[in-house]
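Participant: Based on these hints, arrange chain S on the given structure of chain A.
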Amino acid sequence: MKHCLIVDDSRVVRTVAGRIVKDLSFSVSEAADGAQALEQCRKEMPDAILLDWNMPVMNGLEFLRALRREENGSDPVVVFCTNENDSEHIGEAIRAGANEYIMKPFDADIIESKFAEVGLV
Amino acid sequence: MQESTFNELSDLALRLSGQHIAASKAYLLEARLSTISRRENLATLDDLVHCLKARPNPRFEQEVAAALSSKKTSFFEARDLIEKVVTQALPERLKQSKNGRLRIWCAGVSTGQEAWSLAIRLSEEMGSTLARADIEIVGTDLSTDCIETAKQGVYGHFDVQKGLSIHRLMTNFNRRDNGDWVVNEALHKNVNFRRHNLLDSARDLGAFDIILCCNVLGALAPSAQRQAVETLSAQLLPDAYLFAAPDEALEGISSVIKPSRALRGAFERDTTVKKTAAA
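Protein chains in written order, with this note's numbering: chain A, 1 to 121; chain S, 1 to 279.
This is chain A alone, in the form it adopts within the complex (with noise of 0.2 Å):
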C-alpha cells in the first residue's frame, strides 16, 4: 500500500483529504506545518506529499525545497493543495519540484484526477 503524508494546518482540511486519499487505497499520515513533515520525512520518505502553501513554522514552499535537497527527497510525488491559485504561485511550486497542483476548494473527483496525471492511482 502507498503511503500518503498529509500537510495542512487545518485539521479539518486534513481528515477530509485523508478520507479521499484513503479511498484511493493509500495509507494516511499527517503533519501539521512543514517542520512537522520534514521530520516525518527523515525518519520514511512517503510515496506522495499532499501539501498546502501558507502554514506556521514552515511553510509549504519553504518545505518543497528542502525536502528536495534531502537523501531520497526527490522521491515522493508533491502535490501542493493550496488557496493560492493564481499563476504566479503555480509557477513557484512548480520551479520548487512540485509535481501537480490543487487549487482549493477541492473535491475527490479533483485529488484522483490529479493523483492520476502523475501516476498515484
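No lab work stands behind these hints, which were simulated from the structure alone. For each residue, glycine too, the CB sits at the ideal point set by N, CA and C. Keep in mind that a hint or two might mislead.
[Said to hold, decoys possible] Non-contacting residues of chain A with respect to chain S, defined by C-beta distances greater than 10 Å in every case (computed):
#1 S10
#2 E30
#3 M58
#4 G73
#5 L120
[As the list claims (entries may be wrong)] With a straight-line cut-off of 20 Å between C-alpha atoms, the simulated SDA-like cross-links for lysine to any residue are:
#6 S:K258 to S:P238
#7 A:K104 to S:D159
#8 A:K104 to S:R175
#9 S:K151 to S:E63
#10 A:K104 to S:H157
#11 A:K104 to S:H167
#12 A:K104 to S:R176
#13 S:K71 to S:A245
#14 A:K104 to S:G156
#15 A:K104 to S:S165
#16 S:K71 to A:I110
#17 S:K71 to A:D109
#18 A:K104 to S:V154
#19 A:K104 to S:K84
#20 A:K104 to S:N178
#21 S:K72 to A:A108
#22 A:K104 to S:N174
#23 S:K151 to S:N197
#24 S:K72 to A:I110
#25 A:K104 to A:P56
#26 S:K95 to S:M126
#27 A:K104 to A:R19
#28 S:K71 to S:K151
#29 S:K84 to S:R132
#30 A:K104 to S:L169
#31 A:K104 to S:D180
#32 A:K104 to S:G179
#33 A:K104 to S:M170
#34 A:K104 to S:D177
#35 S:K72 to A:D109
#36 S:K72 to A:E112
#37 A:K104 to S:V182
#38 S:K72 to A:D107
#39 A:K104 to A:N83
#40 A:K104 to A:R14
Facilitator: Same frame as chain A, but now just chain S:
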C-alpha cells in the same frame, strides 16, 4: 412530478433529439431542466410542461430537448482515444492526404472539452509529422448554450482540475480575475463550434477524416442511433475513421459502417452498402 409530465418530456426528447429517457432516470429531469425552470419562473416540471403546451414555441421546445440531452464532460475524458487519434489515425490520414489538410468532427461535444483536449494534445506534436498538417477541429452539439460555452472556452475552477495536468492548464489557459480559466487564443485558430442535431443531415459541415462521437449514441433510442450513425457515416471521407467511446458499441447499429481493418477500434464507411443501395 406527475407521470403525465414525465411522459410529455420523454416524448419531447425522443421526438427532437432521439434521446430515450428511461422511467428510472426520471430523477435526472429536475436537475437538467433547473436552469430553464428558474429562468422562466416555473416552480415545478408540471408547470414547465403546462407552459410548453399552452404556448407552443419550437425554439423553446428545442431548448428543453437540448437541456434534457445534456451530458457532463471533462478534459481528456477519453484519453486513450485521443492518443489513438493523434498517434495513429491522424498520421495515417496525413499519409493519404494530398494537401496536408485534415478535418476532425467531435459530434455531441457538449461544452467543448473533447475538442479542446484534442487541440491541446495536437499542440504538443510540434516535432512530429503532424506539425506540417493543417488540422481543423469542428465541435457540434444540440444545445445552443453548450456550444456558446464551448466557443468561449471559459471553464470554472472545478472543470479545469479534472483531466488537465497543471502543466497543460498553465500552457493552454489564462486565469481570469473571477477564478475562471479561458482557453488561449492560439488554440482557437483551428477549432470551431456549431449547433447541430445528429438526427439532421450534416452536409453543411463538409467531409471529415476523423469523427468522434463519444457518450452520445448510448442515450439514443435504437432508431435514432441508426439515424445518427448514418448522418455521421455520410460525412466520412473514403477510408476515414469513426470512433465512439471505448465502452460504447457501434456494431450492429447500422450496416453503413463496418470495423476498420486498418485501425483497431475504429469504424469506416461500408462502401459495399453504398454500392448496393445505388445499384
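Participant: Work down the list of hints and note, for each, if the structure agrees.
Facilitator: To see whether the hints hold, each was checked on the structure:
Against the 10 Å criterion, S10 (chain A) stays outside the reach of chain S, whose nearest CB is about 19 Å from its own CB. The beta carbon of E30 (chain A) is kept farther than 10 Å from every beta carbon of chain S, the shortest such distance being approximately 23 Å. The Cβ of M58 (chain A) lies farther than 10 Å from every Cβ of chain S, with a closest approach of about 23 Å, so its non-interface assignment holds. With a cut of 10 Å on Cβ distances, G73 (chain A) stays outside the contact zone with chain S, its closest approach being about 20 Å.
With a least CB separation of 13 Å from chain S, L120 (chain A) remains clear of the 10 Å interface cut-off, as annotated. Annotation: proposed proximity of K258 (chain S) to P238 (chain S) holds, straight-line Cα distance about 13 Å (limit 20 Å). As the CA atoms of K104 (chain A) and D159 (chain S) are separated by approximately 13 Å, the hinted pair is consistent with the 20 Å bound. Taking the CA atoms of K104 (chain A) and R175 (chain S), the gap is near 15 Å; set against the 20 Å cutoff, the hint holds.
Annotation: proposed proximity of K151 (chain S) to E63 (chain S) holds, straight-line Cα distance about 18 Å (limit 20 Å). A hinted pair counts as satisfied when its Cα atoms are at most 20 Å apart, and K104 (chain A) with H157 (chain S) qualifies at roughly 9 Å. A distance of roughly 17 Å separates the Cα atoms of K104 (chain A) and H167 (chain S); the hinted pair therefore holds under the 20 Å criterion. Using a Cα cut-off of 20 Å, the hinted pair K104 (chain A) and R176 (chain S) holds, with the two alpha carbons roughly 16 Å apart.
Distance restraint check for K71 (chain S) and A245 (chain S): the Cα-Cα separation of roughly 14 Å lies within the 20 Å cut-off, and the hinted pair is therefore satisfied. Taking the CA atoms of K104 (chain A) and G156 (chain S), the gap is near 12 Å; set against the 20 Å cutoff, the hint holds. Straight-line distance between C-alpha atoms of K104 (chain A) and S165 (chain S) comes to about 15 Å, which keeps the hinted pair within the 20 Å bound. For the hint pairing K71 (chain S) with I110 (chain A), the CA-to-CA distance comes to about 19 Å; that is within 20 Å, so the pair holds.
Distance hint between K71 (chain S) and D109 (chain A) is fulfilled; the C-alpha atoms sit about 17 Å from each other, no more than 20 Å. For the hint linking K104 (chain A) to V154 (chain S), the alpha-carbon distance of about 19 Å falls within 20 Å, and the restraint holds. Taking the CA atoms of K104 (chain A) and K84 (chain S), the gap is about 33 Å. The hint is violated against a cut of 20 Å. A threshold of 20 Å between alpha carbons decides the hint, and for K104 (chain A) with N178 (chain S) the separation of about 14 Å falls inside it, so the pair holds.
Between K72 (chain S) and A108 (chain A), the direct Cα distance comes to roughly 17 Å. Compliance with the 20 Å bound is thereby established for this hinted pair. Under the criterion of a C-alpha separation no larger than 20 Å, the hint pairing K104 (chain A) with N174 (chain S) is consistent with the structure, at around 18 Å. For the proposed pair K151 (chain S) and N197 (chain S), the alpha carbon gap of about 17 Å is at most 20 Å, so the pair holds. Taking the CA atoms of K72 (chain S) and I110 (chain A), the gap is near 15 Å; set against the 20 Å cutoff, the hint holds.
A C-alpha spacing of about 18 Å is found between K104 (chain A) and P56 (chain A), which places the hinted pair at or below 20 Å, so the restraint holds. For the proposed pair K95 (chain S) and M126 (chain S), the alpha carbon gap of about 17 Å is at most 20 Å, so the pair holds. Our distance criterion of 20 Å between C-alpha atoms is met by K104 (chain A) and R19 (chain A), whose separation comes to about 16 Å. The straight-line distance between the Cα atoms of K71 (chain S) and K151 (chain S) is roughly 17 Å, inside the 20 Å bound, and the hint therefore holds.
Of the pairs offered as hints, the one joining K84 (chain S) and R132 (chain S) holds, with about 19 Å between alpha carbons and a cut-off of 20 Å not exceeded. Between K104 (chain A) and L169 (chain S), the direct Cα distance comes to roughly 15 Å. Compliance with the 20 Å bound is thereby established for this hinted pair. Pair hint K104 (chain A) plus D180 (chain S) holds up; C-alpha atoms about 13 Å apart against a cutoff of 20 Å. For a cut-off of 20 Å, the pair hint linking K104 (chain A) to G179 (chain S) stands: about 11 Å separates their Cα positions.
For the proposed pair K104 (chain A) and M170 (chain S), the alpha carbon gap of about 16 Å is at most 20 Å, so the pair holds. The suggested pairing of K104 (chain A) with D177 (chain S) holds, with an alpha-carbon distance near 16 Å, which does not exceed 20 Å. Of the pairs offered as hints, the one joining K72 (chain S) and D109 (chain A) holds, with about 13 Å between alpha carbons and a cut-off of 20 Å not exceeded. Proposed proximity of K72 (chain S) and E112 (chain A) is supported: the alpha carbons are some 17 Å apart, at most 20 Å.
At most 20 Å may separate the alpha-carbon atoms for a hinted pair to count; K104 (chain A) and V182 (chain S) meet this at roughly 18 Å. As the CA atoms of K72 (chain S) and D107 (chain A) are separated by approximately 16 Å, the hinted pair is consistent with the 20 Å bound. Pair hint K104 (chain A) plus N83 (chain A) holds up; C-alpha atoms about 5 Å apart against a cutoff of 20 Å. A distance of roughly 13 Å separates the Cα atoms of K104 (chain A) and R14 (chain A); the hinted pair therefore holds under the 20 Å criterion.
Of the numbered hints listed earlier, the single one contradicted by the structure is hint 19.
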